[in-house]
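If you're matching them up, the sequences are chains A, B and C in order. Quick note on this note's numbering: the first sequence kicks off at 1 and runs consecutively. Quick note on this note's numbering: the second sequence kicks off at 1001 and runs consecutively. Quick note on this note's numbering: the third sequence kicks off at 2001 and runs consecutively.
Hint data in this document are derived by calculation from the structure and do not stem from the laboratory. Computed from a predicted structure; not experimentally measured. All C-beta atoms, glycine included, are put in the ideal place defined by N, C-alpha and C. Just so you know, not all the hints are guaranteed correct.
Cross-link-like lysine to aspartate or glutamate pairs, in silico, DMTMM-like; alpha carbons within 20 Å at most [said to hold, decoys possible]:
1. C:K2149 with C:E2011
2. B:K1120 with B:D1012
3. B:K1297 with B:D1196
4. A:K120 with A:E152
5. C:K2229 with C:E2213
6. B:K1297 with B:D1172
7. A:K229 with C:D2318
8. C:K2297 with C:E2202
9. C:K2229 with B:E1213
10. A:K229 with C:E2213
11. C:K2120 with C:E2011
12. B:K1114 with B:E1018
13. B:K1297 with B:E1199
14. C:K2297 with C:D2197
15. B:K1120 with B:E1152
16. C:K2149 with C:D2118
17. B:K1327 with B:D1340
18. B:K1114 with B:E1152
19. C:K2229 with B:D1318
20. C:K2229 with B:D1205
21. B:K1229 with A:D318
22. B:K1149 with B:D1118
23. A:K229 with C:D2205
24. B:K1229 with A:D205
Here are some chain C residues pointing at chain A (derived, C-beta under 8 Å) [said to hold, decoys possible]:
25. A2044
26. S2047
27. T2050
28. M2060
29. V2187
30. G2190
31. S2191
32. F2193
33. D2205
34. D2208
35. M2210
36. T2211
37. E2213
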Amino acid sequence: MSKTYAGNYFEDFQVGQELLHTSPRTVTDGDAAMYTALYGARFALTSGATFAASMGMERMPLDAMLVFHIVFGKTVPEVSLNAVANLGYADCRFTAPVFAGDTLTARSEVIGVKANRDGKTGVVHVHSIGTNQHGETVLDYVRWVMVRKRNESSPAPETVIPDLPSVVSPADLVVPAGLSGTAYDAVLAGSEFLWDDYEIGERIDHVDGMTIEEAEHMLATRLFHNTAKVHFNQFVEQHGRFGRRIVYGGHVISIARALSYNGLANAQTILAINGGTHCNPTFAGDTVHAWSEVLDKVALPGRTDVGALRTRLVATKDLPATDFPLKGEDGRYLPNVVLDLDLTLLIPRR
Amino acid sequence: MSKTYAGNYFEDFQVGQELLHTSPRTVTDGDAAMYTALYGARFALTSGATFAASMGMERMPLDAMLVFHIVFGKTVPEVSLNAVANLGYADCRFTAPVFAGDTLTARSEVIGVKANRDGKTGVVHVHSIGTNQHGETVLDYVRWVMVRKRNESSPAPETVIPDLPSVVSPADLVVPAGLSGTAYDAVLAGSEFLWDDYEIGERIDHVDGMTIEEAEHMLATRLFHNTAKVHFNQFVEQHGRFGRRIVYGGHVISIARALSYNGLANAQTILAINGGTHCNPTFAGDTVHAWSEVLDKVALPGRTDVGALRTRLVATKDLPATDFPLKGEDGRYLPNVVLDLDLTLLIPRR
Amino acid sequence: MSKTYAGNYFEDFQVGQELLHTSPRTVTDGDAAMYTALYGARFALTSGATFAASMGMERMPLDAMLVFHIVFGKTVPEVSLNAVANLGYADCRFTAPVFAGDTLTARSEVIGVKANRDGKTGVVHVHSIGTNQHGETVLDYVRWVMVRKRNESSPAPETVIPDLPSVVSPADLVVPAGLSGTAYDAVLAGSEFLWDDYEIGERIDHVDGMTIEEAEHMLATRLFHNTAKVHFNQFVEQHGRFGRRIVYGGHVISIARALSYNGLANAQTILAINGGTHCNPTFAGDTVHAWSEVLDKVALPGRTDVGALRTRLVATKDLPATDFPLKGEDGRYLPNVVLDLDLTLLIPRR
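Go ahead and model the full structure; you've got the sequences and the hints to work with.
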């Protein structure tokens, strides 16, 4: 019997199945520093312990996207090792802050399967949960992937497509325990603009661009224990679809989020990812720009100190975001648009 | 009103103006490890906690240049986002050691402005201070930059050029609290040569060379929260002056300082940067060599255990330092000389 | 007298000589994170503090290979700065776990010298020991290197070749203090296969490949304080034997060990390196694959909870390991085989 793990194929997934993800991962100040070196994010809540304390946090939390990547990475071996594409995210909520020294574990439940007509692939929905060493859920989300079948002749399972919210309900958003927007120092945070100052429909060009190097996206992807093969093996990928390694989509998310500091500096953390699409692949040498659109302004139940902005975060490659590029006249994403993410961000109110 | 921050232009600076720099930055063991990976510095005081303890320090301090870069990076958005060139440093003193877990904040005061005759730019002098979470000043320096004007037609301000010392006075040098050179283990530190063994005028070729990669200088520059655009965006820079990203000058300083271990291994920390010039730009693919000249031997007031060496630290690109390259017959820096830095280094005495 | 250190030449080594290695090195969570980013190792014992606790460890130990590289790096200046080749390892034992915050120091004793017939080089055997801040030995090994002579005319010393074991004796293997294989959670560790499930002679293709970038191997090698020149200086190496920088052999070991998780996920730590050869040089751009062969199954004295597997770990460049490539018909290593390492791995028993 083979000692190596080949990952699950479409036939291996059944609705209701529990997937335990392996190798709990202790996240440390070291991971946070590596994350800073990779993306340069400057949000004050996750940059300075004194600032976090001024917002009521006993300790400085880790960047929400670092937590996302680590939990996501944990799910790759059992969920997407044989995936053709990562199709989408839904109902992703950050439910508790994570601190240096915490150990994250992940598990998933299969909540949807649907065979594709091509007979070669199927779509699998999984509900994944990341927990800390106290058993608290820190991250809860659904993603769906297109996975290869082991055998084209395998019969199609009964189709199950889960009912998913298009937006996380405000009642389900969790403000990090202890965090307060009272006595908030906007100037020190880097921008005078708070929740009250943004308007629905407003679009923001985040101005700066960041060029990706092979070493960077591989360092990131390994840091996250993400084992998807297409990111690492040029010997194989030279003969693949693109002739080169593909950058982990989450790497682009983190670059875009870091760039969004310029225009959304007070959006201190991510409360939810409502949905998202990796519209086109990204490669080393590409320069990422980003822009945001305010989709909604959300009052948080019982809170007047902080509110939420629902934003679309779009990233491009080799195309500045000045004109807010998104889709062509045919309704399809432009070829240089690589990310269209629907976020709910926490931001202090006046 | 635009939500994004465009940085200050020459017209925005007035003498006496206070600039608060944003996003306090907690520096950790993670940053120290990243710094080691980037430069490979081996000075014993900042490498081994046991060695730091043997020199009287309760905890191992972080590398002085890491502190410099983080404070410097904090100043970039308000000082040099629209700079054409970083012209010089003066009177830079490291006034307290920084330890893992400390949070650094920076502020600056504009102390000089001078419009250039071209009508397009001006020179701004700023006095910057980095403080820790206790409010102690850890770094104090002046730098001046050439900054673009917003409008060529803007009137020139009254010229103010601050009076700056060419060398930090010995009375202003601060030996890290607790540090002692008594019972110093030179062999374990990596060299038998102490303060007494160096001669004024002595020049040292630091022998080794280090080739720079794009991923490395960008990891470094993001780690330092330095947002200067020219370091990151190949899409724009391909059409720029050099056709490529420019390496942050501080990256070259740290490489040269790390190389200087071979010849100055006992120069455990930097007390002051008296001045410095980034003579020519550096790019990925360049190999940096370095050499030092002992400019002065400074007795520290009241100390017989440690002294100071004032050194010139020169870095080159693609040119070994065997012949101590510096300037041509025309008195100008040779094209392969990239750094000429005037340092005051702490070193134990016999 | 030159202030710089030129390293030892063959004439400088005498049997019985003690070499003290410089700059004690405190290893931290930051180093561990950097190591994860560089290699992506997922062994549960060194990934999650909760998992380490479930195996009886009060704290999560650092990866054994990180310890190896740091001690090895410490020995480079005095042992192999003028080496032509790193010829082999023997009797390498990991004798105590290392934790974040520990400070490692290294010393070596010369235990063998033999002049080569070419008159230009000689072989030096050193016995190196790494200790922590409590004076405990954490790593103990012999390596031998081919070192340049300073002068071809120097007389040959009396040949001494130490008697070295081909395999570390089971009685000399040290299970980390506190570690227990009772109540071991194999599923969470990532594989159902324990000591009992492997057979002598069994070969495992570790499937995945990892492409090396210049930035990565240089970050690694600097992190380890390894100063061997051939890894860093493209300006010199462009005229060297290969026209390019050579990747530190230990970088390849760590990649191969990380890849071996797929097939040996429960081989939680390395107890010994019995021997090893860097068969061919590796360069940036090469993609490393790996395979293992079970050479022996070793019962550990007095233990029924954990056992040891002696394995051969082979790494290739630009050649998948499907067919277990090793040597040609001429008995020589194939040109794409870069590593042949003989390891003793700790693995829980049923």
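Hint check: B:K1327 vs B:D1340, CA-CA at most 20 Å. Holds or violated? Roughly 10 Å separates the two Cα atoms, so the pair holds.
Within 20 Å, alpha carbon to alpha carbon, are B:K1297 and B:D1172? With a Cα-Cα distance of about 15 Å, the restraint between B:K1297 and B:D1172 holds, given a limit of 20 Å.
Checking one constraint from the list: CA of B:K1297 to CA of B:E1199, max 20 Å. Satisfied? holds, 8 Å
With a cut-off of 20 Å on the C-alpha distance, tell me whether C:K2297 and C:E2202 pass. Holds, at roughly 11 Å.
Regarding the pair B:K1297 and B:D1196, is the alpha-carbon distance no greater than 20 Å? holds, 9 Å
Let me know if the C-beta of C:A2044 comes in closer than 8 Å to any C-beta of chain A, holds or violated. holds, 5 Å
At a threshold of 8 Å, is the proposed contact between C:F2193 and chain A supported by beta-carbon distances? Hint holds; C:F2193 Cβ to chain A Cβ min 5 Å, cut 8 Å.
Straight-line Cα separation of C:K2229 and C:E2213 no greater than 20 Å? Roughly 17 Å separates the two Cα atoms, so the pair holds.
Does the closest beta carbon of chain A sit nearer than 8 Å to the beta carbon of C:S2047? holds, 5 Å
Go through the hint on C:E2213 and say holds or violated, using the shortest Cβ distance to chain A against 8 Å. holds, 4 Å
Per-residue hint verdict: C:S2191, partner chain A, C-beta under 8 Å: holds, 7 Å
C:M2060 as chain A interface residue, shortest Cβ-Cβ below 8 Å: The hint holds - C:M2060 has a Cβ within 8 Å of chain A, the shortest such distance being about 6 Å.
Against the hints set out earlier in the document, no violation occurs for any number.
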